Every structure is written in structure tokens, then in C-alpha cells.
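Trainee: Residue numbers (this note's numbering), protein chains in the order written: chain A, 275 to 585; chain B, 109 to 420; chain C, 17 to 360.
Source of the hints: derived by calculation from the structure; they are not laboratory data. Any given hint could turn out to be false.
To be verified - Taking lysine-lysine pairs in the BS3-like style, the calculated list, with each CA pair at most 27 Å apart, reads:
#	chain 1	residue 1	chain 2	residue 2
1	C	235	C	272
2	C	119	C	107
3	A	342	A	328
4	C	164	A	479
5	B	124	C	98
6	C	107	C	35
7	C	98	C	35
8	C	272	A	479
9	A	479	C	285
10	C	101	A	479
What the hints assert, rightly or not - With beta-carbon atoms standing in for the labels, derived distance ranges:
#	chain 1	residue 1	chain 2	residue 2	range
11	C	278	B	149	47 to 53 Å
12	A	404	C	113	44 to 50 Å
13	A	503	C	224	35 to 41 Å
14	A	434	C	160	54 to 60 Å
15	C	224	A	284	55 to 61 Å
16	B	255	A	560	15 to 21 Å
17	C	144	A	434	45 to 51 Å
18	B	251	A	560	23 to 29 Å
19	A	283	B	251	15 to 21 Å
What the hints assert, rightly or not - With the Cβ distance kept under 10 Å, some of the chain A side facing chain B (calculated, not the full set):
#	residue
20	285
21	369
22	415
23	425
24	487
25	488
26	517
Keep in mind that this is a model prediction, so the values were computed, not measured. Note that CB positions come from ideal geometry on N, CA and C, so glycine has one too.
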Amino acid sequence: MAKYIVKRFLMMIATIFIISTLTFFLMHSLPGSPFDEERTSNPTIQANLEKFYKLDQPIGVQYVYYLKSIVTFDFGPSIKKPNDTVNNLLARGFPISFELGIITMLVAVVSGIILGTFAALRHNGIIDYFAMAFAVVGISVPNFVLATLLIQQVAVNWELLPTATWSSPLHMILPTLALATGPTAIIARLTRASMLEVLTQDYIKMARAKGLSPVRIVVRHALRNALMPVVTIMGTMLAGILTGTFVIEQIFAIPGMGKYFVESINNRDYPVIMGSTVFYSAFLVFMLFLVDMVYGFLDPRIKLHKKEGEV
Amino acid sequence: MVSKDHRITIPDEWFKPKKKAEKVAEAVVRPSLSYWKDAWRRIRKNKLAMGGLVFLILLTLCAIFGPILSPHSVTGLDLPNQNKAPSSTHWFGTDEMGRDVFTRTWYGARISLFVGVMAALIDFFIGIIYGGISGYKGGRTDTVMMRIIEILYGLPHLLVVILLMVVMGPSLTTIIIALTITGWVGMARIVRGQVLQIKNYEFVTASKSFGAKTSRIIRTNLLPNTMGPIIVQMTLTVPSAIFAEAFLSFLGLGIQAPFASWGVMASDALPVITSGYWWRLFFPAFFISMTMFAFNVLGDGMQDALDPKLRG
Amino acid sequence: MILTKQQVLNTNKAIVTEKVLTVEDLHVSFTTFGGEVQALRGVTFDLYKGETLAIVGESGCGKSVTANTIMGLIPQPPGKIKNGKVLFKEKNLVKMSKSRLRKVQGVDISMIFQDPMTALNPTLQIGEQLTEGLRTHQKLSKAAAYTKAIEMLNMVGIPNPKERMKQYPHQFSGGMRQRIVIAIALICEPELLIADEPTTALDVTIQAQILELFIEIQKKMGVSIILITHDLGVVAKIADRIAVMYAGKIIETGDKREIFYTPQHPYTKGLLNSVPRLDLLEEELQPIEGTPPDLFSPPKGCPFTDRCPFAMEVCGEVYPESTERSKTHVVDCWLQDERSKLFS
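All chains, full assembly: derive it from the sequences and hints.
Mentor: Here it is in C-alpha cells:
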């Protein structure tokens, strides 16, 4: 187990390193420098930038300083907002984005697993057809489309829920719904497929031959095995939810990091783009690491795996 | 159960030895179908998948001919006719610049289909080369190539795509480049898995022992046998690329105004969402969802049809 | 060893009167993509207390379907029990409600599966998999169930049972896993044990150990065993009686000596001739030619007609009635009819 954790941890560091380096050189490959004076109009900002990025030094030195700044978690100043640093923006915006992401994740995981499990247990029954219809529709409607449709119908036409902001639980319903539908659909499909496969396994047949109750067979014997593939996609799904927050926050005017990020893209605030990309990547890669740990905990066989097999 | 009165009803002659000729078992009557024919027969029975296919064919026709046949141009401004509801002149209404939503919708279909298909094709070529080499060579090469894949797989794709778009600047070409830089990894993994499975089949060993070249083995033996899951993966790549394009355009990183993409149209409709101009959101939203739906059900149908495990 | 087996046989003879299980005219079909497969087409047999009945035949002949039907494990759909009874203690298991059936499964009747690598749940500790049956059916306390499980592991020959209880299936070898599967099957002290190819997936040396274990257990617990196998070597070692299945029917039954020394059905003879035997080194193996009939549309007469070297006109037309050659030896074959000698 220790070996597994160490291996995954090193992978995580490698990935963060790669993405940081990629970000740095991509930004510096832009025609001119993204930090040229013509891009900023404010001398204070220009001074801040030159100081932070050591713009007078050769690129190799800049790169080393950049890596150092990432290790110390200092992402530098903003180009467009003279008194703000990327760290400030993150401190303000990320907690809200995180809240949105976590609520969405919980909703998606819980409802997706329940839906997928019941669909598999009633294979080819009404619930199955309903769940699969929901799943394929849920996967097909992009979250920003769903968000706008929800605002138009539920908030504007029916006036049931508020259209925007993140100020009360009532305000959270529509954004969460818009963001969670896709992941719920993905989890439901995966749970169903994996559950159907697990239910044909010999150990399930054996559990039935033991005369155990159907509830115990499903909950104790089938579910844990069926959830393995679900856990493995949790990381990528979280990435999807996180990027989803960019548009959802934009649409619902939620003051999270996603909104700042989109703003920074639109007015080409390069330090904010760089900082948030690296921060978000690091966060996601760390989450992937956590997911791997959960997987190792769920599957006792992982402890013996010296090297992973196929695929 | 056999009743006791057989002794009476069965004539003695029946106890003659059966003639040899009649002993030959009848040949198997059921026709043996080829893999592809069988798959096609199965998918034809899947109404949803066929519906998806029909929708996509119609959409392709509209995308090709819609903008040509329409009297309105994609970018043509008509300021007096802003935000007009659907009518006989503007079937899908007009936007805030008086541009015809009907024409723009089909133009958007061109963009979406083009991005989706190109992304899938490029992923396919890169994936099949990378995955094929990795799976076929095996050993150290495979380990190194898979380690690279593992790391790339850990990268948050859409973030990388956003970063690339910021750097490369928004355009159709850059969208496709950005999507394929991150997208081929999944395909390569699938190809490798398939190759590993099939590599040890006897016919491969056989052609190897006859001294066939590596490239020939890959081409004539491995590729045809790995196509099923790969085609499915391609079909499912298309909707995710379409989503990514719309998402980027929605964020302002994709197709730029005045040109139309479903993402751009939905994004433009957002500020006027409370004004009752429903057609501006409805048409791009409907078609993007339907297109993704069609590709998804088609991909699912193909998965069921091509999976040899399910063949009865 | 052979002596012990003989003793077992003798004790069986003494108590042969008490029937544990009666299977009557069982018909089971499966609806598949290509149509209806008639997997069982009228299977009838009895099982007596403390005996081992081996059901043998080629793969696809319906052995496993028979086992699964008795155990109540036929998924419906696609499976369907069209006709027949499975009487256990005068109760028809086929007609029993699922919840009542669960009070029989694992308690009175247990099953051992072919592949010990897949029969154990990879994510649960051995201890839990052993004790859950006890805790469900006999409402034992955790401690009592634990003691009983240790006892059981000792009996099936697992060393260090206390440490092993906390381990997961992947930490055991194939032979050890099969011992655990057997322990699980026997922990509620069932009267009937169905073993579906229990040694097929194991190495030859391990096979022998597992067979010894079966004999020992039967002696200790007096459990009746239905052994499903295609391996006549296994049959020779532990069966008391043998039922030979072909194309969804039992075509010959008899006690071990009757089947091995005076087989009547040409299929049984063919089966015995196709097995390598150490005592008949000089003789060549004779595989049975041809393949079993398609069970989508089974033949109306004897299903073996097309492969039978002695086939007569009647064989393809009418299924032969059962002929009792002794109290235990029954065969379905037209060659038993005296008229078969008319033309030879």
C-alpha cells in the first residue's frame, strides 16, 4: 500500500510540474510578451509585474523564479486590477466555486448511484428505461444550455426560483441542477453497466445460493464491486464539474473563481489565467490522487498490485 | 415419457439398422454472418440508434444545403429587423443584429459537425499509431509509452484546451488542434488494449513464424480485429468535441462573431433571456442537444452491436 | 483409501432407503437471441441420504442447468421451468416463493461452484463470507459464528484459521480458495451439497486433495452430494451412483460398478472409451464422433441416434422407454428391446 501511495504521489507531482511548465512556456510563446507595456496601461502594475516575473532576467532565470513562486503558492499580481493579486482572487472566489462543485458532486454521486443501481436491478423494466432515457438526455444537453433553459423556464416564465447569485440555498438549486445533470447521467450509466456485470459474477450466484436477502446481496456483495469503475471516473468527472463552474458561474452571476477566470480570459489578464490554470490543475490532480487512494481502500487487491496490468 | 404400448405400435421393421447415408448429421442450417453484416443487422433493430443516424444524415444535408438555399446570409446585418420572432421570411427569427437565425443555425451545424468529425479523425490517427506501437512492441517501449499516457491522462483536458486557445487565439483550426492535443490519449489506450488482447491469437503467431514483417502484421491482422471498440470510441468522441467547441465559443474562445456557432448563438442569447426572444436560445440549444443525443445513441447502439460478448 | 471408500459404500447401502431429493420430469428452457433452447427435457432421478450421485456428460448436456434448477438459481427470464418438480422433504422447490426458498438455500441445500477464483467476493474478508450465512439463517451471535467458522476452516484443512479469517480471497491459492468455498457451503450443515465441477479449475495434485476432503466430509457429516462433472476419473473416485446425461435427458443411471463394468447405452460406452485409463494402456482412445444435437430443435427420437454406431430406424423416430436392468441400473435405449436382435 505504501508503495502504491508513493507511486501515485510522485505521479501527482510530475503532473503538476508538467502543467506548470507547459503553462509557463505557452504564455511566453505568445507573440511579444503577455506582460509587455502596451498590454498594461498602469505604471504601478507594470512595476509589480516586472518585479514579480523578473522580466529583466533571461527566460531560464524567470522559469526558476516561476517554479519557486508555484511551490510557495504565490501566483503574482493581476494585470487589470492594480490592487489585486491572483492569490486574493483565489481566496475570494475559490471557496464559492468549491462549494458549488462539492454540492454538485454529492448530488451527482448519490442520485447517479441510486438511479444506476435500480436500473440494473430492474433490467429492461420501466425504471431501467426511464433511467437510461434520462441518462442519455442528461449526457447530451450541455450544462450551459441546460442552465439557460432552466433560467428561462423555471426562473423567468414560472418565477419559481431566483435567476442568479449564490446568496441562499434557494439560489443554489438551479446552478446545482444545471451542473449536476450531466455527471449524474454519466454515473447512472456507469453504475448500471457495472452493476449488470457484477450481478452475473459467480460470487453473486454464490451469495444467492447462501440464501441471503436480496438487500444484503446488492448492498454488501454487489455494490462495492460495482462502484469500482465509478470511483475511477470520479477524478475526470470532477474536472468536468470544475470547468463547468466557469460557465455556470458566468450564467448565474455567481462570484466564484470561475467567473474571475472567464473575465480574465476575456480581457486577457494573463497572470490570472496562468495562476488559476496552475491552481486548478494542481487541485484536480490532487483530487485524482485522493480518488486513487479511495480506490485502493475499496479494492483490497490493490495492495498486492506491483504493476498495473492492461489498459 | 414413453407409454407402454410401444410393443404393439412399433413395427418390427423399424429395428433394421439405420442406413449410413441417413446417419450423416444435417449441416448447420443457420446462416453464418460476417462480423460487419451481423453488426449491421443488430444495429438496424435498434430504433433509437437508427433514429440518431437518420437525424444526423438530415442534419448533414441541412448543414451543406441550408446556408446555400437560404436567401439570407450568415453575417448579413439587417438592423431594422432586430429580434424578430419566427415568420415566413425568417423561419427561426432574427438576432439582435437582424441576422437570420435559420441560416446561422445551419452554419453552426457545419462548424459543429466539422469540429466533431475532424477531432475524431485526428484522434483516431494519432491514437492508432501510438496505441498500436505501444501494444504491439510491448516490453520497455510499452511501459514508457504508457507512463506518458498516464501522466497526460491526469491533466485536466478542458483547462489545457482553454490555455491553448488563449495562446493560439480563437479560430476553427486552433479549436481542432487544441482538442486533439488532449483528445488522442483515450483512443491510444483503447487501441493498445485491443492490440494486447489480439496479439497472442494464433493467427498472429502463425504469420510471425512465416516471417511476416511487423508492419504487415499490424496492417493485415491486428487492425481489422480491433476496429469495433475503436469505431465506438470515435463515434463518442464526436459529441464531446462538439460540446467542447460550443463550450469554448460560449466562453468567447471559439468561433468569433459575426460567424455563427451554436455556442456563440447560445452565448449571444443569454443577455436577452428575460426579454422573451425565446427563438434565439431555443434553436441553437435544441440542435446542439439533439446532435449530441444522436451521436450518443448511435455510439451506444454500435457498442451493443459490435460487442462480440453480447452476440447470441 | 480404497478401503475407506468401500466402507462408505457399505454404510450407504444400509441406509439407502431414505430419499433426500426427488427430481421429476424436469423441463427447463432458455429464451435466447436465436430462439428457445430446451436445456432440460424431462430429467428424473432420486437422491438418497448420505450418497454421492454423479451426473456426467459432455459440456452443454444440461448438467449445470440441473444443478442450478435444484438450487433455485435459474434466472427467470431468460430461463423458464416449463414442467416438473424438485421435491426436497416433500416440498416442491420449483413452486416455492423466493422468500421461503431462501430458508432452504444455504441451510438445507448448498452449492459449490466450478471456479474458486471467481466464487468468492474479492472485496469481502473470508471471515464475513463464512459467517454471513450462519448469522442470517441461524441468528448466531458474532462470537458464536466466529467460533463455528474457525471450526469449519480447521475441518477443511486451512492452517492458521484465526489469521486467515481477516484475509481477502486474493491472498489464497486456488486450492485453498476451493477449501474455503467448501467450508462456506457446509457451515450451516446442509443435507444436500451440489458440487458443480468442483475440481475442474484446479491443478491435478490439488484435485486429489479436494476429492479426499469430499470423502472425509461426507463421512463426518453424512451429507448427500450431487456431483456435476465431465471427469470420469473424479467419478470413479467418489461417486456411489452415476447418472449419464445427454442432450437434456438422463439416458442411463446405475451404481458405480454397473456403469463402469456393464455400461448399456452406446453413449455411456463411448464416454468410457474416450477416457484414458491406466489399467488399459495398450488400448487406443476412441473419441465419440460427431457433435450433440442442436437443442433449439431437439430430435424427436433418441438424441444420440446420429452418432450411434448401432442406430436403428426406430431410434430416430421414438424416444426409447426406460429399461430396468436391476433395481439401480436403468437405461433408455432401443437396444434393450429384444426385437433389436431381429436384424443383426
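Trainee: With reference to the structure, classify each hint as holding or not holding.
Mentor: Against the structure, the hints:
1. C/235 <-> C/272: Satisfied, since the Cα-Cα distance of roughly 18 Å is no more than 27 Å.
2. C/119 <-> C/107: Roughly 13 Å between the alpha carbons, so the hint for residue 119 of chain C and residue 107 of chain C holds.
3. A/342 <-> A/328: holds (12 Å)
4. C/164 <-> A/479: OK: residue 164 of chain C and residue 479 of chain A at ~23 Å, within 27 Å.
5. B/124 <-> C/98: violated (35 Å)
6. C/107 <-> C/35: holds (13 Å)
7. C/98 <-> C/35: The hint holds at about 24 Å.
8. C/272 <-> A/479: Not OK: residue 272 of chain C and residue 479 of chain A at ~31 Å, beyond 27 Å, violated.
9. A/479 <-> C/285: Not OK: residue 479 of chain A and residue 285 of chain C at ~35 Å, beyond 27 Å, violated.
10. C/101 <-> A/479: Holds: residue 101 of chain C and residue 479 of chain A sit about 22 Å apart, inside 27 Å.
11. C/278 <-> B/149: 47 to 53 Å: For residue 278 of chain C and residue 149 of chain B the Cβ distance comes to about 52 Å; the hint holds.
12. A/404 <-> C/113: 44 to 50 Å: violated (28 Å)
13. A/503 <-> C/224: 35 to 41 Å: Distance hint for residue 503 of chain A, residue 224 of chain C holds at roughly 39 Å.
14. A/434 <-> C/160: 54 to 60 Å: Once the Cβ atoms are compared, 57 Å apart, the range 54 to 60 Å for residue 160 of chain C and residue 434 of chain A holds.
15. C/224 <-> A/284: 55 to 61 Å: violated (47 Å)
16. B/255 <-> A/560: 15 to 21 Å: holds (20 Å)
17. C/144 <-> A/434: 45 to 51 Å: Once the Cβ atoms are compared, 48 Å apart, the range 45 to 51 Å for residue 434 of chain A and residue 144 of chain C holds.
18. B/251 <-> A/560: 23 to 29 Å: About 25 Å separates the Cβ atoms of residue 251 of chain B and residue 560 of chain A, which means 23 to 29 Å holds.
19. A/283 <-> B/251: 15 to 21 Å: This hint holds: roughly 19 Å between Cβ atoms.
20. 285: holds (7 Å)
21. 369: At about 19 Å, which exceeds the 10 Å cut-off, the nearest Cβ of chain B leaves the hint on residue 369 of chain A violated.
22. 415: holds (5 Å)
23. 425: holds (6 Å)
24. 487: At 30 Å from the nearest chain B Cβ, residue 487 of chain A fails the 10 Å test, so the hint is violated.
25. 488: At about 25 Å, which exceeds the 10 Å cut-off, the nearest Cβ of chain B leaves the hint on residue 488 of chain A violated.
26. 517: Where the cut-off is 10 Å and the nearest Cβ of chain B is about 4 Å from residue 517 of chain A, the hint holds.
In this structure, the hints that do not hold are numbers 5, 8, 9, 12, 15, 21, 24, 25, in rising order.
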